[in-house]
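*Asks:* If you read the sequences in order, they're chains A and B. Start counting at 1 in the first sequence, then tack on 5, and there's your number in this note's numbering. Start counting at 1 in the second sequence, then tack on 5, and there's your number in this note's numbering.
A couple of the hints might just be wrong.
Remember, identical chains collapse to one label, so a pair may be satisfied in a single copy or spanning two.
27 Å max Cα-Cα, derived DSSO-like pairs, lysine-lysine [as the list claims (entries may be wrong)]: (1) Lys250 - Lys228; (2) Lys449 - Lys353; (3) Lys403 - Lys242; (4) Lys242 - Lys336; (5) Lys41 - Lys228; (6) Lys228 - Lys59; (7) Lys228 - Lys242; (8) Lys403 - Lys41; (9) Lys403 - Lys59; (10) Lys250 - Lys336; (11) Lys449 - Lys59; (12) Lys353 - Lys403; (13) Lys59 - Lys119; (14) Lys358 - Lys341; (15) Lys8 - Lys346; (16) Lys250 - Lys403; (17) Lys119 - Lys449; (18) Lys403 - Lys228; (19) Lys358 - Lys81; (20) Lys336 - Lys228; (21) Lys336 - Lys119; (22) Lys119 - Lys341; (23) Lys336 - Lys449; (24) Lys242 - Lys341; (25) Lys358 - Lys336; (26) Lys449 - Lys81.
Read the hints as simulated data drawn from the structure, not as lab findings.
Number of protein chains: 2
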Amino acid sequence: MIKGLSQVGGLYQEASNSNDNQFYLFEDIPFYEASKDKIDLALDQAALAFEESKSLSPQQLARLLSNIADEINSHKEIIIQTYQSESHYGQGRANGEFGRTISQIGTFVRLLEKGQYLHAKIDHSTDATPDLRKVLVPIGPIAVFGASNFPLAFSSAGGDTISALASGCPVIIKGHPFHPATSELVASCMIQAVTRSNLHPGLVAHLHGADYSIGQRLIMHPKLKGVGFTGSHNGGKALFDLAQKRSIPIPVFAEMGSVNPIIILRDKLNSDQNLANQIAESVLLGSGQFCTNPGLIFIQTNDSQHSFIQDFINKITSTDINQFVHGDIHKNYVSKIQNLKEGIPDLKLYQSKSSLGACGVVGIDQLHRYPDLIQEVFGPYSLIVLFDDYQLLTLLAKEFPGQLTLSILGSRSESNTVSRISDSLGHIAGRLLFDGVPTGVVLKSTMTHGGPYPATTDWRFTSVGTDAIYRWLRPITYQSCPDDLLPETLQDSNPLGIYRQLNDVWGIH
Amino acid sequence: MIKGLSQVGGLYQEASNSNDNQFYLFEDIPFYEASKDKIDLALDQAALAFEESKSLSPQQLARLLSNIADEINSHKEIIIQTYQSESHYGQGRANGEFGRTISQIGTFVRLLEKGQYLHAKIDHSTDATPDLRKVLVPIGPIAVFGASNFPLAFSSAGGDTISALASGCPVIIKGHPFHPATSELVASCMIQAVTRSNLHPGLVAHLHGADYSIGQRLIMHPKLKGVGFTGSHNGGKALFDLAQKRSIPIPVFAEMGSVNPIIILRDKLNSDQNLANQIAESVLLGSGQFCTNPGLIFIQTNDSQHSFIQDFINKITSTDINQFVHGDIHKNYVSKIQNLKEGIPDLKLYQSKSSLGACGVVGIDQLHRYPDLIQEVFGPYSLIVLFDDYQLLTLLAKEFPGQLTLSILGSRSESNTVSRISDSLGHIAGRLLFDGVPTGVVLKSTMTHGGPYPATTDWRFTSVGTDAIYRWLRPITYQSCPDDLLPETLQDSNPLGIYRQLNDVWGIH
Numbered sequence: 006m007i008k009g010l011s012q013v014g015g016l017y018q019e020a021s022n023s024n025d026n027q028f029y030l031f032e033d034i035p036f037y038e039a040s041k042d043k044i045d046l047a048l049d050q051a052a053l054a055f056e057e058s059k060s061l062s063p064q065q066l067a068r069l070l071s072n073i074a075d076e077i078n079s080h081k082e083i084i085i086q087t088y089q090s091e092s093h094y095g096q097g098r099a100n101g102e103f104g105r106t107i108s109q110i111g112t113f114v115r116l117l118e119k120g121q122y123l124h125a126k127i128d129h130s131t132d133a134t135p136d137l138r139k140v141l142v143p144i145g146p147i148a149v150f151g152a153s154n155f156p157l158a159f160s161s162a163g164g165d166t167i168s169a170l171a172s173g174c175p176v177i178i179k180g181h182p183f184h185p186a187t188s189e190l191v192a193s194c195m196i197q198a199v200t201r202s203n204l205h206p207g208l209v210a211h212l213h214g215a216d217y218s219i220g221q222r223l224i225m226h227p228k229l230k231g232v233g234f235t236g237s238h239n240g241g242k243a244l245f246d247l248a249q250k251r252s253i254p255i256p257v258f259a260e261m262g263s264v265n266p267i268i269i270l271r272d273k274l275n276s277d278q279n280l281a282n283q284i285a286e287s288v289l290l291g292s293g294q295f296c297t298n299p300g301l302i303f304i305q306t307n308d309s310q311h312s313f314i315q316d317f318i319n320k321i322t323s324t325d326i327n328q329f330v331h332g333d334i335h336k337n338y339v340s341k342i343q344n345l346k347e348g349i350p351d352l353k354l355y356q357s358k359s360s361l362g363a364c365g366v367v368g369i370d371q372l373h374r375y376p377d378l379i380q381e382v383f384g385p386y387s388l389i390v391l392f393d394d395y396q397l398l399t400l401l402a403k404e405f406p407g408q409l410t411l412s413i414l415g416s417r418s419e420s421n422t423v424s425r426i427s428d429s430l431g432h433i434a435g436r437l438l439f440d441g442v443p444t445g446v447v448l449k450s451t452m453t454h455g456g457p458y459p460a461t462t463d464w465r466f467t468s469v470g471t472d473a474i475y476r477w478l479r480p481i482t483y484q485s486c487p488d489d490l491l492p493e494t495l496q497d498s499n500p501l502g503i504y505r506q507l508n509d510v511w512g513i514h
Numbered sequence: 006m007i008k009g010l011s012q013v014g015g016l017y018q019e020a021s022n023s024n025d026n027q028f029y030l031f032e033d034i035p036f037y038e039a040s041k042d043k044i045d046l047a048l049d050q051a052a053l054a055f056e057e058s059k060s061l062s063p064q065q066l067a068r069l070l071s072n073i074a075d076e077i078n079s080h081k082e083i084i085i086q087t088y089q090s091e092s093h094y095g096q097g098r099a100n101g102e103f104g105r106t107i108s109q110i111g112t113f114v115r116l117l118e119k120g121q122y123l124h125a126k127i128d129h130s131t132d133a134t135p136d137l138r139k140v141l142v143p144i145g146p147i148a149v150f151g152a153s154n155f156p157l158a159f160s161s162a163g164g165d166t167i168s169a170l171a172s173g174c175p176v177i178i179k180g181h182p183f184h185p186a187t188s189e190l191v192a193s194c195m196i197q198a199v200t201r202s203n204l205h206p207g208l209v210a211h212l213h214g215a216d217y218s219i220g221q222r223l224i225m226h227p228k229l230k231g232v233g234f235t236g237s238h239n240g241g242k243a244l245f246d247l248a249q250k251r252s253i254p255i256p257v258f259a260e261m262g263s264v265n266p267i268i269i270l271r272d273k274l275n276s277d278q279n280l281a282n283q284i285a286e287s288v289l290l291g292s293g294q295f296c297t298n299p300g301l302i303f304i305q306t307n308d309s310q311h312s313f314i315q316d317f318i319n320k321i322t323s324t325d326i327n328q329f330v331h332g333d334i335h336k337n338y339v340s341k342i343q344n345l346k347e348g349i350p351d352l353k354l355y356q357s358k359s360s361l362g363a364c365g366v367v368g369i370d371q372l373h374r375y376p377d378l379i380q381e382v383f384g385p386y387s388l389i390v391l392f393d394d395y396q397l398l399t400l401l402a403k404e405f406p407g408q409l410t411l412s413i414l415g416s417r418s419e420s421n422t423v424s425r426i427s428d429s430l431g432h433i434a435g436r437l438l439f440d441g442v443p444t445g446v447v448l449k450s451t452m453t454h455g456g457p458y459p460a461t462t463d464w465r466f467t468s469v470g471t472d473a474i475y476r477w478l479r480p481i482t483y484q485s486c487p488d489d490l491l492p493e494t495l496q497d498s499n500p501l502g503i504y505r506q507l508n509d510v511w512g513i514h
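Excised from the complex, chain A in its bound form (with noise of 0.2 Å):
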């Protein structure tokens, strides 16, 4: 069932000598780099695909996308294994993988059969104005790109991907290289979905590469109209300032990570005996190949030997964490965590013996005079940063660069200054947490899995939650249109029965 091979318009495509280059090799599979022609066939596709899908209704796309749930569900037992060959994840994390991948898909076709996402609105023709409907449109081909740290959750079928297809955008994905055969696998029970459902093959296509020159291509094609994106900074950054440059610009929802602050004021970092597990825990989560793994964790206490970040030390120390997703990323975090060691002497620097975890512990002060201490350490590692004036804190993170998230902890007794930090810092952060852990983002339209420049390149959407299709909507409006020309979202009899507005009523009307 893998071949090695990109897929375009719902088939296979032969990797021809002169073209293709060979970029991997899974159990004796050797898997071929997209070329050019593949990649302009996908988009000619995209755009054909696009004629049709722009066209579906809400009830229709969820169609699509139950069909794709049940071919991922019907190839589980492959996928899983495959997973696991690649990844180095083990048994548990490639289950609860997949079981967010499909209750993702699900969360969509929720959103898609109450219809209420479109925003229909109508306006009746009065006197002196016409008769105005306005509803949200898909906007055209999308490209995604897969993560290297969510093999299932954020790659093929994952939140970029089955947020283009529910808005109705056909969606070219290009699989992450640290994972090409899960990759392609997903895909291709994407592509039978599609099929099964009738619909256009070009409606998905899966491209195969390790090569920057595929990603550049797919970017600056005239039929591309939008880029999801979840990875490095250098890799979001580099496709943003590429598609800006474009005769004609198009947006791409980059999330590049972050450092995820917590602030644990002083009665609760001494009241609460779990925090420091806790906090840990989520460190170590996944071996710390989370976006909203909290990499910074201001205590406010001036004892350089709190309780606190004993237990911390201890439980990231004595944990068995082995594995990452890819060798990659493994050689990164080493080299990370010895460029601060050798860099910054006042660092106090705890690692694990025989595992992976790592932690440091510092001074407010230092934070001035290396900046590299905030910086991401992509990793199961964090840095504790001892503190006594919130207010020089709050100052100091004024300047952060943007967060997914922001965790202000304090007892009960704190809450006004709690208050005043979340006043004055809430504009560096997507998400505030007011009590628990950043990781576990949960698939809900209060989600928002955003935030300032540089954790993503538009902090007006959310890559996670059913909020994720606004990305790949626009709005149209029909003036004075006859009622049997109206998309049905926006008919009299309101054929599809969905909540809108009408004459600025809300209801299913």
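Position chain B against the provided structure of chain A, taking the given hints into account.
*Replies:* Relative to the frame of chain A, chain B by itself:
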């Protein structure tokens, strides 16, 4: 009352001889360009004002807008006088635009009073998920560049400024150098309204100047978070490009006009005797200085003597249109018409002898040879294009640059063709019309005044109608936040009484 000085922090800023250049004279009052220190001060003040304005309730913001409308209303006489002296527009237009400016403010007041635009959503905690609450919040200080063609409705207190203030964002207005006195007057009304509302004086600033460097310094300032612009392609694109090159890119909403094609099918053309007049009036409205001015009219006939053409030419060349808003626009218009005349021998050009109106007539085959024909000529000019086969037209128009509007006019018997054209060309515009003319942009939530690039830089938003507020808002999620630390919009008791989503159900709860 008019001083020729920039206003920052609620105060007129005295010009210093060494820094501020005089660029304009109005009734013997010299006007000075804002020096660098005044631009920087405006941003510093705006950032301070944002600390307050980001937490204002919709009701408080509505009060501010109402006060602005009151102040402007109470200075109506001098504003209308100044407007007429500066713009060359007559009394009727002055009053019309004044009325639109006031009623635009009113639509935002009503939006704020309802509160639903905030998209407040609450998901209570479950066994598996934490309490999550999401609401839209303002993004920060916004620069608004006044438009040349609307000294009131798209300048100091125009759609961009009012939508930004409604969102809770401070605004730095860069007045258009074609009408600095009107711009300053209206801005001073706004600043008085800020004082009357007891709000931070940094909330509204007004900068004078004709030099590009002022806009450049504004755009590159680290405290600026977004930009609204209405004007030429060159101006808008330059601001967009600059903003993307910042170390932290910011959104630029530039509305850069378009030719707003009208397609008239055979039956409609032959049966609607009033059509030529109606469209010609739309072309001549405001001396043709509207973004939605129809500049390209496709008629389904081979008869170059068709009565539509005769009627259209008659109307265009016999109507008395003698004034542009500003001499520079006049000069541009004359030179563009001259270029068409000299550059395109196959174009039949009809010009009024005593007035400004002009129109051209060509066959559709000429559009391929002379792409200049589909460029915007800002003013009372339009091009009639004869076509026969609607499918050929559709094929050609599919590659058109993005448009604000597209009108498809057919009789009832031509419904099928209208529907096919709408299906294949819907992607080129933000608003599709099936009757009437594109000028007259209604101030409703169902309006889309936006469109694919190059009509605007971001087709997912509108610059007219209440949805314009979404350009200045971004989501924030509160996770596990104690009720008393939440913003009022998300507190359990719903103290503001706004429409919210509670566990997936919308209502006032």
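*Asks:* Between the shortest in-copy and the shortest cross-copy C-alpha distance, which are at most 27 Å for Lys403 and Lys242: within, between, both, or neither?
*Replies:* Within one copy only: 23 Å inside, 31 Å across.
*Asks:* When Cα atoms must be at most 27 Å apart, do Lys8 and Lys346 count as within-copy, between-copy, both, or neither?
*Replies:* Close neither inside one copy (44 Å) nor across copies (61 Å); limit 27 Å.
*Asks:* Can you tell me if Lys242 and Lys336 fall within 27 Å by alpha carbon in one copy, between copies, both or neither?
*Replies:* Within one copy only: 22 Å inside a chain, 42 Å across chains, cut-off 27 Å.
*Asks:* Within a copy, between copies, both or neither: where do Lys119 and Lys449 come within 27 Å Cα-Cα?
*Replies:* both (14 Å within a copy, 25 Å between copies)
*Asks:* Can you give me the call for Lys449 and Lys353, within, between, both or neither, at a CA distance of at most 27 Å?
*Replies:* The answer is neither: 40 Å in one copy and 60 Å across copies each exceed 27 Å.
*Asks:* Evaluate Lys336 and Lys119 at a C-alpha cut-off of 27 Å and name the case that applies: within, between, both or neither.
*Replies:* Neither: 46 Å inside a copy, 54 Å across copies.
*Asks:* When Cα atoms must be at most 27 Å apart, do Lys250 and Lys403 count as within-copy, between-copy, both, or neither?
*Replies:* between (31 Å within a copy, 22 Å between copies)
*Asks:* At most 27 Å between CA atoms: does that hold for Lys59 and Lys119 within a copy, between copies, both, or neither?
*Replies:* within (18 Å within a copy, 32 Å between copies)
*Asks:* Is it within, between, both or neither when you check Lys403 against Lys59 at 27 Å Cα-Cα?
*Replies:* Between. Shortest inter-copy distance 15 Å satisfies the 27 Å Cα cut-off; intra-copy 43 Å does not.
*Asks:* Given a CA cutoff of 27 Å, do Lys228 and Lys59 count as a within-copy pair, a between-copy pair, both, or neither?
*Replies:* For Lys228 and Lys59, only the intra-copy Cα distance (15 Å) is at most 27 Å; the inter-copy one is 39 Å.
*Asks:* How would you label the pair Lys336, Lys228 (within, between, both, or neither) given a Cα cut-off of 27 Å?
*Replies:* neither (37 Å within a copy, 38 Å between copies)
*Asks:* From the Cα coordinates, with 27 Å as the cut-off, is the pair Lys250 and Lys336 best called within, between, both, or neither?
*Replies:* neither (33 Å within a copy, 32 Å between copies)
Figure legend: structure checked against the earlier numbered hints; hints not met, in rising order: 2, 10, 15, 19, 20, 21, 22 and 23.
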